[in-house]
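Line by line, the protein sequences are chains A and B. What the first sequence shows, in the working numbering, is residues 2 to 175, in sequence order. What the second sequence shows, in the working numbering, is residues 633 to 1141, in sequence order.
To be clear, the hints were calculated from the coordinates, so they are not data collected in a lab. Here the structure is a predicted model, which means the values were calculated and not measured. Among the hints, erroneous ones may be present.
Said to hold, decoys possible - Negatives, chain B to chain A, calculated, CB over 10 angstroms:
#1 704
#2 756
#3 963
#4 1008
#5 1139
Stated by the list, open to error - Stretch by stretch, here's where chain A covers chain B in the computed footprint (C-beta under 8 angstroms, at least three residues):
#6 711-724
#7 885-898
#8 926-933
#9 937-945
The C-beta atom is built at its ideal place from N, Cα and C for all residues, glycine as well.
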Amino acid sequence: MTVIARLRRRWYLPLAALVVVLLLIGSRAGRAEPTGSYRPLLPADAIASGCYPLPTGMRIDFPYQVRSDGDVDGPHGRHRRLVLQYDEIDAATAQRRITAALRRAGLPARAATVTAYPRVPSDALVRGEIVLTLPSVARAGAHSSAHVPDPAQCDDPFSTKRFPPDWPPSTSYA
Amino acid sequence: MRELTTDPAAPQAADRQTRDPRTPATAEPHPPLRAWRGLDLAIGMALLVGVLLRVLLFGQVAHTRFSGDEVAYVDGAKALSNLLRDLVSLHGPDTAELSRDLIGSGWFMPGMTLLLTPIYLVAPHAGPEVTRAWLGLLALAIYLLAIADVRRTLGRWWALGLALVPGLVPMWLLFGYTAYGDLVAGLVATVLITRMIAVLRRCAGGFPPRLRDGALLGFLAIATVYLRSSSTPLVCGVGAVGLLALLWSGRRALPPLLLAGGLFLAVLAPWSVAASATLHARVITTTSVPMALANSFGDRTQVCYGMCDPGSTIWFSPLRYAREVSRATGVSEVTVLGQMSAFARRDVTPHSYAQDVIANWHRYIDEPSAFLFKLHPPGEKDRGVQQSITSWTQRVFTPMVWLAAAGLLIVTRRSRRAQLLSVLVKIGLFGLLLQPFVHLAGSRYWTTAAPLAALSAMLAIWSVGSWVRGRLHRADRGPVEEPSRLLTLAQGVLAAVGVAAVVVIQALA
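Using the sequences plus the hints, can you model the full thing?
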């Protein structure tokens, strides 16, 4: 039997040898460094980050995600407009809980507007939206008493939900 | 040219020497040797020109950094190479890195990742030029395998067709240097189809498939899905045609078919299990379909129950939102994405759907060279080179599309091999062309369909050629290999489904 014929019959032997050689070279070659850019770390929650804290005493005790935050001018002067969505509870419960949260901070119930999303199925997680009108707040810094676990998050609009006005909407497909 | 007009079912002499002796012989006289040699020479010349073109085009992308989905595949390969290092040196694997870079958001199955792993194993810091050269070599090798199998199974005429188109289409060659799985998936799917034709032809001749046929088919099927999970409908369709083996070989075909299915599931399982465990949801292939549907057919301003965060893309912004909802509720992001998609699609009507399908279709087919905006040397764009790539690609692309469409309407009775080819190419192309019906199409998806479209185009040319020749030479007419009524019917049904789909979409829009 020729060498070629023998190799044809046992083709897996050179293949296995090649794999072993590659593994040996690879184990001495140092580590590769993936970028992770297709799975960015999830930014901190806008309220939990402590960058722009809620009024003292106010605590939200239902599942939510902040959609936008920032100061706006209204009929009664400049104020903070914080928009969040409530999950897994109905509008009445959301209204009751947010009213209680506002009351703990000494704010009136009318500071919250609760709107249930129309036509969401009964098993939906996201149920509706709450628009809060709150006193403006400065970014928590080194001198403030607020606890900021990771100050870098305060510069990330995806965390604070305070988006620069010139950022384009994420709706177009190149 | 002789092979065009004689029956393609006649196995070549060279074939007979190497192939299983049980291959059914046909009564077809051999075409003259000289014609074969001429065709082989033409195939060789076309391949040579193709290789030269590939070498020339490498300069276009050698230093182009990976971008878009390529990054995901490269990251996955780097993570996988680190896993191999850890296994060899008996360290615990870096599970955080694996879940972030290999599984990621479950958008991509790791076919290209596996192909790229050897490079990053040997050279963990390899630059784009090394990786792209490796990708080019892989694409060339798989292409040559596909050509060889088409030549063996269908004949030289068909191999020559593939060697010309897409083998000499500059944009298709350029895609060979990219890490997107589309092009390689199309080639592996072509081999899957030619292998299926070979196996079923033997079944029809009274020889049941062997276990190793089943293993090879199962492997090719799962490889196609791993490379590009959007080819799953194609693979399912080809698998369904494979059941004909039961009809023609009876129960003896069962073990190879079970082996094919078993191998498919066994190779799919590690990915499905890992992705499901990482994302805490049932993931079989990928997680991207709900958001693809929402972005294609739904209201993009309602995907996050309102606008998603600005400053990002239609893919990443909804995903981040889904992860935020998942963090708040403890429910898997995959479930959240499904609910978001349903919400954004509440107002989809047949009319809006049909219009979006048509828009998708145009995205699929209108600009085959659109990716040149990425695939050029960093910082510079040679307008002359870009223009010639665009114009040569378009010059071949447009006739190929029309001929392929004609091929989809062909119902042939000339031979069982031609019938099997016709049925499988139709199923394959329809499977791939489901994409515009469910997903925003892009201008690189055609690279998957290109080899099958070329075969469909060849089928149209070959059928017309056979018919004309039959008219001219009465003796040459009629089927040589017994055609199958079932396959004739299947072709008719498939062609009708294709026409119906076009008519319905046009009528609704």
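Tested hints:
| no. | hint | verdict |
| --- | --- | --- |
| 1 | 704 | 4 angstroms, violated |
| 2 | 756 | 4 angstroms, violated |
| 3 | 963 | 6 angstroms, violated |
| 4 | 1008 | 16 angstroms, holds |
| 5 | 1139 | 26 angstroms, holds |
| 6 | 711-724 | holds (count 7) |
| 7 | 885-898 | violated (count 0) |
| 8 | 926-933 | holds (count 3) |
| 9 | 937-945 | holds (count 9) |
In terms of the numbered hints stated before, the structure departs from hints 1, 2, 3, 7, listed from lowest to highest.
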